[in-house]
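Respectively, the protein sequence lines represent chains A and B. 1 is the number of the first residue of the first sequence in our numbering; add one for each residue after it. 1 is the number of the first residue of the second sequence in our numbering; add one for each residue after it.
Just to be clear, a hint being listed does not mean it is correct.
[Unchecked claim] One-sided excerpt, in silico: chain A residues whose CB lies under 7 Å from chain B:
{"id": "1", "residue": "A166"}
{"id": "2", "residue": "S170"}
{"id": "3", "residue": "Y171"}
{"id": "4", "residue": "G174"}
{"id": "5", "residue": "A177"}
{"id": "6", "residue": "L178"}
{"id": "7", "residue": "G179"}
{"id": "8", "residue": "T181"}
{"id": "9", "residue": "V189"}
[Stated by the list, open to error] Straight-line Cα separation of at most 20 Å, SDA-like style, residue types lysine to any residue; simulated pairs:
{"id": "10", "chain 1": "B", "residue 1": "K138", "chain 2": "B", "residue 2": "G150"}
{"id": "11", "chain 1": "A", "residue 1": "K195", "chain 2": "B", "residue 2": "E226"}
{"id": "12", "chain 1": "A", "residue 1": "K97", "chain 2": "B", "residue 2": "E57"}
{"id": "13", "chain 1": "A", "residue 1": "K195", "chain 2": "B", "residue 2": "V95"}
{"id": "14", "chain 1": "A", "residue 1": "K97", "chain 2": "B", "residue 2": "E55"}
{"id": "15", "chain 1": "A", "residue 1": "K195", "chain 2": "A", "residue 2": "Y171"}
To be clear, the hints were calculated from the coordinates, so they are not data collected in a lab. We treat Cβ as the ideally placed atom computed from N, Cα and C, and that holds for glycine.
Residue-level listing of the chains:
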Amino acid sequence: MSLIGERGVRRILAVTAFSAISALLLIALFILNEGLPFIFRYGLHDFLLKSDWDPQAGKFGIYPMVAASLWVTFGAMVVGAPLGVAGAIFLSEFVPKSVMRVIKPTIELLAAIPSVVYGFIGVMVLAPLIRTQLGGPGLSLLAASIILGIMILPTVISISIDSIQAVPQSYREGSLALGATTWQTIHMVTVRAAKSGIIASIILGMGRAIGETMAVIMVAGNAVKIPHSALDSVRSLTANIALEMSYATGLHRQALFATGVILFVVIIILNSFAIVVLRKRVYKK
Amino acid sequence: MDCKFDIQDLSVYWRGNLSLKKVSLKISSSQILGIIGPAGSGKTTFLRSLDRMNELEPGFKAEGRVLLDGEDIYGAGYDAVTLRKKVGMVFALPVALPMSVYENVVYGPRLAGIRNHDRLDELVEQSLTAAFMWNEVKDRLDMSGLRLSGGQQQRLCLARVLAMEPEVILLDEPCSGLDPISTAKIEEALTELKKKYTIILVTNNTKQAARIADQTAFFLMGELIEMGVTDRIFTAPVHKQTDDYVTGRFG
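Excised from the complex, chain A in its bound form (with noise of 0.2 Å):
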């Protein structure tokens, strides 16, 4: 009797552990099932290097959305990945335990408000400061940079975190002890042995960015165009397949799932990297 519960309950739990890996099979073939077809009929090339998006023209090139992710993603990591892994460093080496405990969580609860938000704040803050200050229409490449940089710092920041304190005591004495400065230990030693936690936050970081849809719809404009300065407006490759599935139908139904095939991609190829990265935690000369 105890025995088939036994197995029941394992049953049970071998398919609610698998069902999550089947979901991502599922999603991932049923992109590829809509977008791929297109991809092959299109050309790949032409596809992702021709900068005319006109749907009604049977015109599918996705270079500015392509060169908008792009640009926005950089220019998130140029704000958020200097601020993120800073703060990381101030708090796991100047910050007592106590006072630690109670900042990291407030950290993480970061990641727990929705992009909407963000998006929100962005709208009615930062673009029309941008506008005033600045410039152009104020919904701009730099303004989603700014909001995104923000959206990752949590990433940023735990990882990073974790991957310092995982950096042994003994690395940090042994510095100390032969007459260098905190500060030198922690450039020289400490950040030194985080590197590889350190680079998997930021890589995290950026698919987090190149993903993001709402707050980047909502901030950066989309115009579709090629952007030539950090105050035009742009719309990334989520953006596009946001605002235009809704009627889109036909092929540009399928350039749409193509662009997920994309983004999709570009996402995995990111995070295998940032896993590859976090795997090989020992010092190699």
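Start from chain A and add chain B according to the hints.
Below, chain B alone, put in the same frame as chain A:
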């Protein structure tokens, strides 16, 4: 012999607990002082008070005076970083820094501002030779220090202290995790090094103190019980507790 360290009534508190009780002793230069005593006797606390590594932990407080060449290292304005450049420390756990063998050795000199490559190369060879490991690693200087064996890492730690050209070397049970051959190599190196440096060696191995220390100090429960020429401590100790400890009758 010159007096290098003059320690006067040094008491150390950890979060309010007294772990070192009014220790006073003088340490001469160019010799090895062995510090023995059971676990928890305050040996390591004492040692770590001499280069102010203790103060990195919260809840540490020191009272009394520790004079290095006549200057109080706990006095106002005495910089701990400067102190640690003069007083090097080798820890119980051999831990190379996560960088190459070469970088490990030049770490201290680089911090001290030495940039000249020939000079750094020279220091690396000198220090590794003095730590009895130059021949083992001279062809592998680019290898990560973490890939050396425990005994080699400990000698690397010694070499990186030597490369700073300190005046005093503190060793905290440097051989506790090492095999007899590595231990012998470290002891050989220390015996050679005492000509140039003041060496203070905390050890759990009384035989090691008997073998290489010139003077030996016995600590118990945070107090210095007695100190004197090693031979006398081991053959004719004044206090019964010392006698019990060195003859192995201790509980």
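Hint by hint, here is what the structure shows:
For A166(A), the shortest C-beta to C-beta distance to chain B is roughly 12 Å, which exceeds 7 Å, and the interface hint is violated. The closest approach between the C-beta of S170(A) and any C-beta of chain B is roughly 4 Å, which is under the 7 Å cut-off, so the hint is satisfied. At a threshold of 7 Å, the smallest CB-CB gap from Y171(A) to chain B is about 6 Å, leaving the interface hint in force. Because the smallest distance between the Cβ of G174(A) and any Cβ of chain B comes to about 6 Å, under 7 Å, the interface hint for this residue holds.
About 4 Å separates the beta-carbon of A177(A) from the nearest beta-carbon of chain B, less than 7 Å, and the hint is met. A cut of 7 Å between beta carbons decides the hint on L178(A): the least distance to chain B is about 4 Å, and the hint holds. Look at G179(A): its Cβ gets to within about 4 Å of chain B, closer than 7 Å, so that hint holds up. With 7 Å as the threshold, the beta carbon of T181(A) comes within range of chain B, its nearest partner Cβ sitting at about 5 Å, so the hint holds.
Among the interface hints, the one on V189(A) holds; its C-beta lies about 6 Å from the nearest C-beta in chain B, closer than the 7 Å criterion. Of the pairs offered as hints, the one joining K138(B) and G150(B) holds, with about 18 Å between alpha carbons and a cut-off of 20 Å not exceeded. Note on K195(A) and E226(B): the hinted pairing is violated, with a Cα-Cα distance of about 48 Å set against a maximum of 20 Å. A distance of roughly 12 Å separates the Cα atoms of K97(A) and E57(B); the hinted pair therefore holds under the 20 Å criterion.
Proximity of K195(A) to V95(B) is assessed by CA-CA distance (about 18 Å); at most 20 Å being required, the pair is judged to hold. With a C-alpha separation of about 16 Å, the suggested pair K97(A) and E55(B) falls inside the 20 Å cut-off, and the hint holds. At most 20 Å may separate the alpha-carbon atoms for a hinted pair to count; K195(A) and Y171(A) meet this at roughly 14 Å.
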